[in-house]
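Hey, can you work out the whole structure from these sequences and the hints?
Chains as they are written, first to last, in this note's numbering: chain R, 61 to 358; chain Z, 61 to 358.
FYI, nobody ran anything at the bench for these hints, they're computed from the structure. It is possible that some hints are incorrect.
Any copy will do: because identical chains look the same in the list, a pair fits if it lies in one copy or spans two.
Within a straight-line C-alpha distance of at most 25 Å, the following computed DSS-like cross-link-like pairs (lysine-lysine) qualify [said to hold, decoys possible]:
#1 Lys-194 <-> Lys-71
#2 Lys-108 <-> Lys-299
#3 Lys-93 <-> Lys-309
#4 Lys-324 <-> Lys-167
#5 Lys-324 <-> Lys-358
#6 Lys-342 <-> Lys-230
#7 Lys-299 <-> Lys-71
#8 Lys-194 <-> Lys-309
#9 Lys-324 <-> Lys-93
#10 Lys-167 <-> Lys-230
#11 Lys-347 <-> Lys-230
#12 Lys-167 <-> Lys-93
Remember, it's a predicted structure, so these values are computed and weren't measured experimentally.
The primary structure of each chain is shown beneath.
Protein chains: 2
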Amino acid sequence: MEQNVFEEELKNRVSSVEGILAEFLPEETGYQKTIFEALNYSLLAGGKRLRPLIMREVYSMFGGSGPEIRFLMAAIEMIHTSSLVHDDLPCMDNDLYRRGKPTTWSKFGEDMGTLAGDALMIYAFETAAGAFSKTSNPGRVGEAIRVLASKTGIYGMIGGQTADVELTGKQMDGEQLEFIYRLKTGALLEASMMIGGILAGASEEQTARLENIARNVGMAFQIRDDILDVTSNLETLGKPVHSDERNQKITYVTLYGLAEAAEKVRELSEEAIRELDGLPVKNEFLKELIMNLITREK
Amino acid sequence: MEQNVFEEELKNRVSSVEGILAEFLPEETGYQKTIFEALNYSLLAGGKRLRPLIMREVYSMFGGSGPEIRFLMAAIEMIHTSSLVHDDLPCMDNDLYRRGKPTTWSKFGEDMGTLAGDALMIYAFETAAGAFSKTSNPGRVGEAIRVLASKTGIYGMIGGQTADVELTGKQMDGEQLEFIYRLKTGALLEASMMIGGILAGASEEQTARLENIARNVGMAFQIRDDILDVTSNLETLGKPVHSDERNQKITYVTLYGLAEAAEKVRELSEEAIRELDGLPVKNEFLKELIMNLITREK
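What follows is the structure, encoded as structure tokens:
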């Protein structure tokens, strides 16, 4: 697939995801109006929409074509957004801006920022549970919800956030760093690919393979991030470089050096692509997307 | 049922609920150990365990006897606890103690307090989803999870918390106050009774009636709280009285006076008991429990 064709396709699919997301936004009315506003503001603040996008690509790759997927696509983006909203809070990263816009708490206050993150988390499950009314296979929807919760929770994303808070500023080793990368960044990608497969009827073995692919992609993506912080520049990256050095942050690059980091990205990507090619079903766009994530310059 | 028999029964059932809760506590090990500790600390800090208790009474009243209920019982207590953990945060009520023990954030830090509330919310759904592996009726478990999310979220408990934050300190009217009571206190009681019914196979009409009973009980419970704050004393209540007056809080009593508040509790209780008696199934203990909640002196 040529790069410009891919980019055009990607743009179309991102707007399609945003259209789906828009269907689930609550109306901003009632005594609890502020929470609806804060929730919608957070969800509409932009982003790559990577998780729902990948979920749908896997779903269609396995022949899925029902309405259930929309509920889970919206749900995973809500979960992802909730984690950003809480990460930005004064007691966490204390960020005033994200993607050039005021963070939820800095716009709505710290109490509403806390409640908006909570609201997004719960609304994600409320939305996901809506799929039960549109499916002839409640067992699959149940398994999708179980995976969503488990990859989000204490053994997934929240576990990773905890380890990050606990270990940052300490002399972390490679195993600890990989643990954080795998849970904090990787877990929701794993959920995206697994849920796409589960809802389309992928076998247990195929779902385990999807999990493994996503794990490698997530890790490669994160190490690529560490590399770009050292090698890129403000214009290309669109955000300040050398921030890890300034913050004395331990990264894959500070632990192993640039060359070994680049080699690791290559290994992880090759394994991900090999496993993807080994599946009995194909999706050229998904493959291209994964390659682009790993080799990206920004 | 004699009062001392009831109290003995209640004690037994509360320990049984706590035994179930204990089965779902995560092991405190791994790089994210602190979140496990904070989660377990919050869950084990005590409480009346009213929601899981009522859920199981309704379940057995409708003839339920399977293992699914345990997952949902633990889940609703986790949701309830998560709301307390976040309510206590400095940006919310800024409470250092709850039931005589340091609040989660004051023990583990503000960042871990925030993450622990998040973790409890998500772990609730992870736990609830475990019921899919133990049921022959995934549709019912799905409906139970949908109700759990919807009564917890922006149209339920979190909606009530938002309205409470927004309206407290302003000149609230009776409609606004009842909105907050119904959502903030009532919604999880509604979920408890409805889920007990749904999992045991109650009809839609019966589930709607359970919702209505719980709504009236929740409202009566809350107004009774307002009354006791004025009429009780420190020894009986076990916490300082006249706190609403000191905080210039608008309550049912400040809006309507003591006599009308007592009359409202009577009306709501009578309707709840009438509806409960109108069901084709009976549970004497549940009836006694509801009466006790409404007429309680502490």
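Cα distance capped at 25 Å. Does Lys-93 pair with Lys-309 within a copy, between copies, both, or neither? For Lys-93 and Lys-309, only the inter-copy Cα distance (22 Å) is at most 25 Å; the intra-copy one is 40 Å.
First find the shortest C-alpha distance between Lys-324 and Lys-93 inside one copy, then the shortest across copies, and answer within, between, both or neither for a cut-off of 25 Å. Neither, since 48 Å and 28 Å both go past 25 Å.
Tell me, please, which holds for Lys-167 and Lys-93 at an alpha-carbon limit of 25 Å: within, between, both or neither? The answer is within: 15 Å in one copy meets 25 Å, while 33 Å across copies does not.
Can you give me the call for Lys-167 and Lys-230, within, between, both or neither, at a CA distance of at most 25 Å? between (32 Å within a copy, 21 Å between copies)
Could you figure out if Lys-324 and Lys-167 sit no more than 25 Å apart (CA to CA) within one copy, between two copies, both or neither? Answer is neither: 40 Å inside a copy and 40 Å across each miss the 25 Å cutoff.
Given identical chains, is Lys-194 near Lys-71, meaning Cα to Cα at most 25 Å, within a copy, between copies, both, or neither? The answer is neither: 28 Å in one copy and 43 Å across copies each exceed 25 Å.
Should Lys-299 paired with Lys-71 be assigned to within, between, both, or neither, using CA atoms and 25 Å as the limit? Answer is within; shortest intra-copy Cα gap is 21 Å, inter-copy 59 Å.
Within, between, both or neither, where Lys-194 and Lys-309 count as close if Cα-Cα is 25 Å or less: So Lys-194 and Lys-309 fail the 25 Å test inside a copy (46 Å) and across (45 Å) alike.
Checking Lys-324 and Lys-358: alpha-carbon separation at most 25 Å within a copy, between copies, both or neither? within (18 Å within a copy, 63 Å between copies)
My question is about Lys-108 and Lys-299: at a cut-off of 25 Å on alpha-carbon distance, are they close within one copy, between copies, both, or neither? within (15 Å within a copy, 50 Å between copies)
How do Lys-347 and Lys-230 come out at 25 Å by Cα distance, when the copy is not named: within, between, both, or neither? neither (37 Å within a copy, 56 Å between copies)
Within a copy, between copies, both or neither: where do Lys-342 and Lys-230 come within 25 Å Cα-Cα? neither (44 Å within a copy, 59 Å between copies)
When each numbered hint is compared with the structure, violations occur for hints 1, 4, 6, 8, 9, 11.
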